[in-house]
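Build the complex from these two chains, which are given one at a time in their own frames, with help from the hints.
If you're matching them up, the sequences are chains X and Y in order. Residue numbers for the first sequence follow this note's numbering, beginning at 107 and rising by one. Residue numbers for the second sequence follow this note's numbering, beginning at 557 and rising by one.
These aren't lab readings, by the way, just hints derived from the structure by calculation.
Computed beta-carbon distance windows for the label pairs: (1) X/Gly476 - Y/Ser665: 36 to 46 Å; (2) X/Lys257 - Y/Lys558: 43 to 53 Å; (3) Y/Ser673 - X/Ser349: 12 to 22 Å; (4) Y/His600 - X/Gly308: 30 to 40 Å; (5) Y/His600 - X/His270: 23 to 33 Å; (6) X/Gln363 - Y/Ser665: 24 to 34 Å; (7) X/Gly208 - Y/Asp625: 56 to 66 Å; (8) X/Glu271 - Y/Asp625: 25 to 35 Å.
Computed cross-link-like contacts, DSS-like style, restricted to lysine-lysine with a CA-CA straight-line distance of at most 25 Å: (9) Y/Lys651 - X/Lys336; (10) Y/Lys651 - X/Lys329; (11) X/Lys334 - Y/Lys641.
Using N, Cα and C, we set each Cβ at its ideal position, and we do this for glycine too.
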Amino acid sequence: MAAERRVLIVDDDPAFRRLCKEYLSEAGAAPCQVAEVSTAGDAVARCGEQQFDCLLIDYNLPDGSGTELLPKLRQHCGPLTPMIIMTGVGTEQIAIEALHCGAADYIPKDRVSGTSLTRAVRNSIEKASLQHSINDRNERLERVNDELRRKNDQIQRFYHCVSHEIKTPLTAAREFISLVSDGVFGSISAEQSEALNYALQGCDQIADHFNELIEVSRLETGKLRLEKSKVTIEQLVTLSVASVSSAIEDKRIILQQDLDDDLPPIYVDSSRIAQVLSNLLSNAHKFTDEGGMITVFAYCSADRRSVVIGVHDTGCGIAARDLPHIFDRLYQAEAHADSMSSRGLGLGLSIAREIVTLHGGEVQVESESGRGSVFRVVLPIEGAAGRSRRRAGTVSATGAA
Amino acid sequence: MKTILLVEDDKKIALAMATRLKSSGFSVVVAHDVPTGLMLARKHDPDVALLDIGLPGGDGFRIAECLRDQVCLRRVPVVFVTASKKDGLRERAVKAGASAFLEKPFKASALLAAIDSALLAMNAWQAPRTA
Numbered sequence: 107m108a109a110e111r112r113v114l115i116v117d118d119d120p121a122f123r124r125l126c127k128e129y130l131s132e133a134g135a136a137p138c139q140v141a142e143v144s145t146a147g148d149a150v151a152r153c154g155e156q157q158f159d160c161l162l163i164d165y166n167l168p169d170g171s172g173t174e175l176l177p178k179l180r181q182h183c184g185p186l187t188p189m190i191i192m193t194g195v196g197t198e199q200i201a202i203e204a205l206h207c208g209a210a211d212y213i214p215k216d217r218v219s220g221t222s223l224t225r226a227v228r229n230s231i232e233k234a235s236l237q238h239s240i241n242d243r244n245e246r247l248e249r250v251n252d253e254l255r256r257k258n259d260q261i262q263r264f265y266h267c268v269s270h271e272i273k274t275p276l277t278a279a280r281e282f283i284s285l286v287s288d289g290v291f292g293s294i295s296a297e298q299s300e301a302l303n304y305a306l307q308g309c310d311q312i313a314d315h316f317n318e319l320i321e322v323s324r325l326e327t328g329k330l331r332l333e334k335s336k337v338t339i340e341q342l343v344t345l346s347v348a349s350v351s352s353a354i355e356d357k358r359i360i361l362q363q364d365l366d367d368d369l370p371p372i373y374v375d376s377s378r379i380a381q382v383l384s385n386l387l388s389n390a391h392k393f394t395d396e397g398g399m400i401t402v403f404a405y406c407s408a409d410r411r412s413v414v415i416g417v418h419d420t421g422c423g424i425a426a427r428d429l430p431h432i433f434d435r436l437y438q439a440e441a442h443a444d445s446m447s448s449r450g451l452g453l454g455l456s457i458a459r460e461i462v463t464l465h466g467g468e469v470q471v472e473s474e475s476g477r478g479s480v481f482r483v484v485l486p487i488e489g490a491a492g493r494s495r496r497r498a499g500t501v502s503a504t505g506a507a
Numbered sequence: 557m558k559t560i561l562l563v564e565d566d567k568k569i570a571l572a573m574a575t576r577l578k579s580s581g582f583s584v585v586v587a588h589d590v591p592t593g594l595m596l597a598r599k600h601d602p603d604v605a606l607l608d609i610g611l612p613g614g615d616g617f618r619i620a621e622c623l624r625d626q627v628c629l630r631r632v633p634v635v636f637v638t639a640s641k642k643d644g645l646r647e648r649a650v651k652a653g654a655s656a657f658l659e660k661p662f663k664a665s666a667l668l669a670a671i672d673s674a675l676l677a678m679n680a681w682q683a684p685r686t687a
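In isolation and in its complexed conformation, chain Y is listed as follows (with noise of 0.2 Å):
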């Protein structure tokens, strides 16, 4: 089973999205806020990280930062989500190098397309690690 990492500060959006994701069996770990998200994410090491952009003590981006100066977790593939339409945040998101990008209200079918895409992105760097 996949683990997802999911960093959003609103609870309820926070429970729907884990509720959608368990439903479509991934296993979930939650955080509402950057450090803690990433103690979660040196803890559960997951094959997804699912980060809102705006969040209390820094944003999305940040952790995605964290991510990849961790070896351990550089690959990551990381999907964004925000209620922003502010010009640029694509761009930055791909600059970020994001697999996804999710913008709220989203449609189940959209969260879960971003999930399957992330994942494809991980499975190809894994392929070579496998001698």
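Chain X with its partners taken away, still in its complex shape (with noise of 0.2 Å):
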């Protein structure tokens, strides 16, 4: 059974409160608990004793209009509370300024009867009591978001107290074996300089995949923060090629360059998307054969908005079970027969095609399995143009509030 409404009728006259009052009561309609005053005084008064579920307020009170007894209503009776104006025939106006003075719904006198006037409280109670859902769901989700939010502080500084314990006893150790292996506590054997160039090589892959862990930790908790600068293409693929030209050609495949000629530069996070294609190139190294090729090529997108940058290899090829899987976290493909070169931590992908959606981008990928691969990242061109035509746009858009 529905709980009993409290509803306050507030009109100076007698008889229309009591014409109210049986239409309220009458059978059928939802048990109502009536309580009537006749002035705007009266009506803050009792609402400060007793709450209500809805309130009927005549416009034409003794002494102020209803709708300026709506605000000193509201103190007492807390935001949602619904506040119906009644008003006389002819004055849609004030209703439409009761309206905007927070009224949840007005009816003419003249168009009071059983059914208008039940439906009318009815209503409203039912949008207060919605609201009100609305309202304690919304703040659930604050606190949720609030707890998560701390969390993910918290996650971060972590991650930035392990690195820092992490990378000091790294840097003494690698510097150390650097030092010896570089004859300067005295000179050393060609056995014991082999030895100390793996340990260095070692400490080399622990700081990269520690770096990779730390970078996915940010990108994961989305503190990371992309440093941009305009930069050619050639710049780029400079940049990433350096780290991997000598690997690629200690093993013997070519590597070739084919960038088009008018190629625009690019805002971009440089380092970052360096580390990209040196990731792409990298792998590209990994799954090719001896004698194979690599070939790194850039153009403009036929709409001239984007920039393409794509790593193409004659290597073993992606099987087709694997290709949905190459961007996930973690996911590596059949080791290769190459038991010399790392494996990585798998998550080289997975941070390239972050790093590149982050920019407006996207990493695509075509392969078949004994037939290599192509790798193409697509980047935006965001010129000085691009960049205050959007500026623009946004001023036009408050402007025209």
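Below, the structure is given as structure tokens:
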């Protein structure tokens, strides 16, 4: 059974008050507990004493208008209690004013009937109840949000600490090994030199893996900030090739470049994009045999709105069943028969895709088992013109308000 | 012989770096915190200041600021070293007037290259002064 609805009628006409009371008590209507007062002052006092589910207020009160009364009542009733203004004939203008002042509804007095009155009261109470649920849910969501944000910050601080605690001894270890290896503490044998080189490579791998881990943690917690600058495609390709060219040469793989002539510069975080390209190149190196070929190419899209930088290899390709998963974190395809190269953490492609997505671009791949692969990094051309066009767009949107 | 002021709180790293720099022909003075670093800077008038960013009693940026505030030390070029990959750190270093920026762990070649570029910066400054 529905709980009784507590209604307050504020009207100086006792006959009208009696009529409303009768309508609200009609059989079939939800049970109502109806109170009545005849002035604005009394209404304020009554609301101070008791809570109501709905207020019916006459516009023409002896001590003030119904709409003036609304804000005074709000102080006692709270923001959600529905207040319905009842107006005399020909005062639709006042009705609009009432709605602006926070009335839930208005009823012209000549349209008050059993059904219209009970419907208005019922609807306004239901709407208020819905709003209440929404507010509750919003409050809960905000609390959860705050908690998540706090946890996020905690995780970030944790990673920051761990980062320092790992890199500090690693730095010392690497440098001491390097000092011995360079003969600073006395000459060393060829065997000792080789052994120390392996140790140094180990240190470098630890550092690289660890940096990848930190990068992922920042992408995860949304704390990564791109440091963008204008850079040419040539510069990007040079940067990225630098770190892998000797490994590629050592494996006797041909590395060539095929960059279009009319490539515009782009506005990106150059060290991160170079990292993305290096990652693609080192994957190409990993999965291509001796005597194979790796090509870095770049061209403008047909609509001249993006630049595509790609890496093509003649390696073993990617099996169809693996293709949908290669960007997943920690996914590693069957290790190639090159046991000397590090397997890595399997984070590279996932980081690459996130970085490119953050730039508003995308990474595409085409590959077939046994027939090599092509990875394409599509990046938007955000020239100075593009940026100022966007800024102008924002101004006009608010200006039009 | 050029003098390098090294301010690094981890003693092992400080020893490794000092050994490397000495074996490359530099004279090195070492401090493990900000106050000692500033004291040594005033005492030795170094040719380069190699500053770890995370230090007890302040950070490397603070030392760089103090150096700039003292007329006789204003032109000492500064190289910042850090284990942190926080975004914006490099930007901040450039704003603080760094000649170079080094990330840990680093290769010896990177360390020496950073010192070289800092020395070049210093030389560029001294040139106009010799009228």
